[in-house]
Amino acid sequence: MGEELFEQMAQSVIDGQEDLAAELAQKGLDAGLSPGDILDKGLVKGIEEVGERFGCGTFFLPELVQGALAMQTAVAVLQRAFDASTEDRKVLGTAVAGTVEGDLHEIGMTIVCSLLSAAGFQVTNLGNDISPAKFVEKVTEMKPQLLLLSALLTTTTPAQQKTIEAIKEAGLRDDVLILVGGAPVTQEWADQIGADGYAEDAIEAVELAKKLVDAR
Amino acid sequence: MARPQVSLLSDEEIEILDEHTLTVLEDVGVSVPVPEALDLLEAGGATVDRTTSVARIPRELVGRCLETVPDQVLLAARDPKHDVVLGDGSVTFTSDGTATYVVDDLTGERFEGSAEYQRTLNRLFDALPDVDYIWPTISARDLDPVACDLEIQSIAWRNCTKHVQDEIRTPELAAPMLDMMAAVAGETPRERPVFSQINCTLAPLSHDPAMTEASMVLARAGVPIAIMPMPLMGTTAPITVAGVTVMCMAELLSAVVIFQLAAPGCPLIASPEPDSADLRSGLYICASPEGRAATLACIEMSKHYDLPTQGGGFDGDAKAPDYQNGIEGADVLLDVLVGADSCVGLGCFDGAQATSLATIVLHNDAAGLVKEELRRVRLSLDADSCLIDDIRAVGPGGHFMGQRSTRQQAHDVWQPSVLRRGTFSASQGRTVIEDAVERAQEILATHEVPPLPDDVDRHIDEVIATQRRLTVDTA
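Quick note, the sequences are listed as chains A and B, same order. Heads up: the first sequence begins at 0 in numbering that gives the first Met the number 0, then just goes up one per residue. Heads up: the second sequence begins at 0 in numbering that gives the first Met the number 0, then just goes up one per residue.
To be clear, the hints were calculated from the coordinates, so they are not data collected in a lab. Please note: incorrect hints may appear among the correct ones.
Straight line, CA to CA, 20 Å or less: simulated SDA-like cross-link-like pairs of lysine to any residue [said to hold, decoys possible]: (1) K161/A - V145/B; (2) K318/B - Q186/A; (3) K161/A - D143/B; (4) K161/A - T470/B; (5) K318/B - A198/A; (6) K161/A - D141/B; (7) K40/A - R467/B; (8) K161/A - R467/B; (9) K161/A - K318/B; (10) K318/B - T185/A.
Computed list of chain B residues with no C-beta within reach of chain A, every gap over 10 Å [claimed, not checked]: (11) P3; (12) P170; (13) A181; (14) G221; (15) E372; (16) D383; (17) I390; (18) V417; (19) G428; (20) H458.
Quick reminder that beta carbons are idealized off the backbone N, C-alpha and C, glycines included.
Start from the sequences, fold in the hints, and give me the full structure.
This is the structure we're talking about:
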């Protein structure tokens, strides 16, 4: 029964079936399966398959985003069980992301977060127009390995710099790797403001995130 | 004489798109997080939810507002000989904006653009005959961010005598912008708007509050507002051409309503820019066939609503001014034939992220070619233009080089500045790119833009300095 249920969980993620994924996660818990097994043997198998298919070009962003959403919804069901147990959720890395202050564009960051999530990262997307103070608050609270800052307008890229400065002033700079991105962002800019990395598109961003986290 | 025009949408298709657009506005609504705009919408008959800032706009209100939009828009220039009137039957071209990079055509090296480089480009635009107005191409990061929106326009007016179109992104910059406009024009912005505002909506179905507020101030002063929705199929918009067209037009019409309520009769320009997203990386695709089809549909819908309309242009996804760039820009003629009064996009490539000297010169030639093609297609069908007497005189065989008409009109035949003709051997040893770069350098070495009068120059600097001080004081 366990094996069959794990396969169904994986398939629900591959198919991007949010409600079904959550339902199966709960079913697994009710049947006495551990949250760690449900995650590793069921849901993660599904998201890994999603990632594989995306990597070889048979899946595109919609499949990836829907798979990541199904995964997140199911993981939310498991989180309570994780909190109540001594088990830790295994992730590739943790990240907080957002579009910087004054900028309302968030589709690029949404795509990056979906890809990171599908790659095995635990990601919190704060949304758009996030002040430096808010980023500091969330980095302090969540202690992520990565902080991702997006800007789509040349006039809002200075907010990436202000955010990095705020992180430094809060004494958090050595605790977090900072990546920047967005259409007007360049490698030169990233170097100038002291970011740890810059990626030209979402696929590069995930590769860079993995590389930086591995090297830490 | 009417412009030659084709229609890609049938009357029934236009009706279907119109119906769905109005239904989206009525049933789904748009987010307008601007209290004053919500007040106006509500007073105009829209249903407003103050907690979500969503306004559902009835079709009757849309219809009423469309009736007050002028069908022609003056885009005044520092030098009145460069004035443009959108909607008067002519076709014009404008440069593309917000590029980050400049590419050296000869080495292929890419570097970040600067304010100084933008000065250079503005002088080039000033000299090129088929660039009719400009959107300052480079988003220069080396400008002080506090007043950069104002500085970019000051650089434009100091180095180009043509009309400038760009974005003023925050309301506190609107008044100083109006002040600068009046100084440059020597008249009020309403009488001679030497600047027009680009107002980008946020897909899906949302308005940027700061930009909307700025645009409302400018609209009230008579500044033309170019409404530019930029939805991406598959990410911020539905994935079908019909779906993105409906959503794009809903955003556009909602902006028409907001600005007409704020300033009845204010000049507006439809500038729809639907495009695709690469559904592998999420990156913006400038020249997909789907995005191009949607743009053409949106242009036709905009003209259905009698709006002066800017269409797409020469920019695309090519990484250089190469064959791909040429192919991607080739269908600008379609934009014009379906009714666009102007085309945006001259001078850029790589998803409008890069520009180069050769690209600008080549695109200028291409713009000239399109204008001439359209001019020539307007046949005046009488014996004079058919040169029937010449045909009778020459008869079967012979030639027409001895005819007076040939002599008189030979010098009217369009000539490119760099696009190649002549013999194959004459062009060997050089590329058209090298020719274009050389042409740009010749122009830049010799073309002078008359300086602004000293008092205007000083006043612009004072306005910018004041804005910087105000921003620092309130920070």
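Against the structure, the hints come out as follows:
With a CA separation close to 14 Å, the supplied pair K161/A and V145/B stays within the 20 Å bound. Between the alpha carbons of K318/B and Q186/A the distance comes to roughly 18 Å, so the proposed pair stays at or under 20 Å and holds. At most 20 Å may separate the alpha-carbon atoms for a hinted pair to count; K161/A and D143/B meet this at roughly 14 Å. A threshold of 20 Å between alpha carbons decides the hint, and for K161/A with T470/B the separation of about 16 Å falls inside it, so the pair holds.
Among the hinted pairs, K318/B with A198/A is consistent with the structure: their alpha-carbon atoms are about 18 Å apart, no more than 20 Å. For the suggested pair K161/A and D141/B, the alpha carbons sit about 16 Å apart, so the restraint of at most 20 Å is met. Using a Cα cut-off of 20 Å, the hinted pair K40/A and R467/B is violated, with the two alpha carbons roughly 59 Å apart. Taking the CA atoms of K161/A and R467/B, the gap is about 18 Å. The hint holds against a cut of 20 Å.
The straight-line distance between the Cα atoms of K161/A and K318/B is roughly 32 Å, outside the 20 Å bound, and the hint therefore fails. Simply put, K318/B and T185/A have alpha-carbon atoms about 16 Å apart, close enough for the 20 Å limit, and the pair holds. Residue-level check passed: P3/B sits 37 Å from the nearest beta carbon of chain A, beyond 10 Å. Even its closest Cβ contact with chain A, about 13 Å, leaves P170/B beyond 10 Å, as expected for a residue assigned away from the interface.
Distance check for A181/B against chain A: the nearest CB is about 24 Å away, which clears 10 Å, and the non-interface claim stands. Listed as a non-interface residue, G221/B keeps its Cβ farther than 10 Å from every Cβ of chain A; the least gap is roughly 25 Å. Remark: the non-interface label on E372/B is consistent with the geometry, its nearest Cβ contact in chain A lying 34 Å away (cut-off 10 Å). For D383/B, the shortest C-beta to C-beta distance to chain A comes to about 54 Å, beyond the 10 Å cut-off, and the non-interface label holds.
For I390/B, the condition that its CB be more than 10 Å from all CB atoms of chain A holds, with the nearest at approximately 57 Å. With a closest Cβ-Cβ approach of about 30 Å to chain A, V417/B is found to remain outside the 10 Å limit, as its non-interface label requires. Look at G428/B: its CB is around 35 Å from the nearest CB on chain A, clear of 10 Å, so calling it non-interface holds up. No beta-carbon of chain A comes within 10 Å of the beta-carbon of H458/B; the shortest separation is about 24 Å.
Checked against the numbered hints above, the structure breaks hints 7, 9 and satisfies the rest.
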